[in-house]
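With the sequences and hints as input, model every part of the structure.
Residue numbers (the numbering used here), protein chains in the order written: chain B, 1 to 115; chain C, 1 to 111.
Incorrect hints may have been included.
Here are the simulated lysine to aspartate or glutamate pairs, EDC-like style, with alpha carbons at most 20 angstroms apart [said to hold, decoys possible]:
1) K57/B / E81/C
2) K59/C / E103/B
3) K11/B / D86/B
4) K42/C / D86/B
5) K14/B / E68/B
6) K68/C / E1/C
7) K59/C / E15/C
8) K14/B / D86/B
9) K79/C / E15/C
10) K42/C / D82/C
11) K59/C / E81/C
12) K63/C / E17/C
13) K11/B / D24/B
14) K79/C / E58/C
15) K63/C / E103/B
16) K71/B / D86/B
17) K42/C / E103/B
18) K42/C / E44/B
19) K57/B / E1/C
20) K11/B / E103/B
21) K42/C / E83/B
22) K57/B / E44/B
23) K68/C / E56/C
24) K59/C / D82/C
25) K57/C / D86/B
26) K57/C / E70/C
27) K63/C / D82/C
Non-contacting residues of chain B with respect to chain C, defined by C-beta distances greater than 12 angstroms in every case (computed) [unchecked claim]:
28) K11
29) T47
30) E68
Note that these hints are calculated values from the structure, not bench results. Since the model is a prediction, treat every value here as computed from it, not as a measurement. Built from N, CA and C at the ideal position, the CB exists for glycine as well.
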Amino acid sequence: DTGVSQNPRHKITKRGQNVTFRCDPISEHNRLYWYRQTLGQGPEFLTYFQNEAQLEKSRLLSDRFSAERPKGSFSTLEIQRTEQGDSAMYLCASSSRLSLNTEAFFGQGTRLTVV
Amino acid sequence: EDQVTQSPEALRLQEGESSSLNCSYTVSGLRGLFWYRQDPGKGPEFLFTLYSAGEEKEKERLKATLTKKESFLHITAPKPEDSATYLCAVQTSSSRQNFVFGPGTRLSVLP
Chain B
1 DTGVSQNPRH KITKRGQNVT FRCDPISEHN RLYWYRQTLG QGPEFLTYFQ
51 NEAQLEKSRL LSDRFSAERP KGSFSTLEIQ RTEQGDSAMY LCASSSRLSL
101 NTEAFFGQGT RLTVV
Chain C
1 EDQVTQSPEA LRLQEGESSS LNCSYTVSGL RGLFWYRQDP GKGPEFLFTL
51 YSAGEEKEKE RLKATLTKKE SFLHITAPKP EDSATYLCAV QTSSSRQNFV
101 FGPGTRLSVL P
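Written out as structure tokens, the structure reads:
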């Protein structure tokens, strides 16, 4: 399977704990995105990488959220001191470097539940 | 601020009953409009990209069209397996590389 891979698929954590999610993009895709989606809503932009550089970050993104993409390959999204409001589906997507306007391909997401 | 709305919020069709979903946008400088399909508990699956008014794309029972203010996803003779949420997203000159999504339309096709 050469699609976008996300791990874990599901995560249940207690409020106040830290969690980390991993995303492996499609090989050779240099653009990588993180989105968050709550029930009944469309995905909401969190952050964007081009290669290893984090070029955009949503104003809505709390300081408790941090993302990295070392060496421009896989990416991790960490949430510190989780809150119940962080419960959502976290989606990763990647797109090709060959065009400025091109579709993004999504992974299956990580469902986070904060109890 | 770029805004994307979708209507209806939910749609129930009988198998074979054709219909259209609407995506309206208010943006500064549209660079691309994207349609995705999303099944429950899964990530969005790419369907179409449209770049300019008048453009049309087709895939099986689906056809996407684009005007200067909106896009339509036409579903011809739908089958129960077409049941899903259909999401519309835009890339604009202000959103740059990121995608701004609408809330989606939940489609149910009854046998």
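#### Entry: Indices of hints not satisfied (ascending)
1, 5, 16, 20, 21, 25, 29
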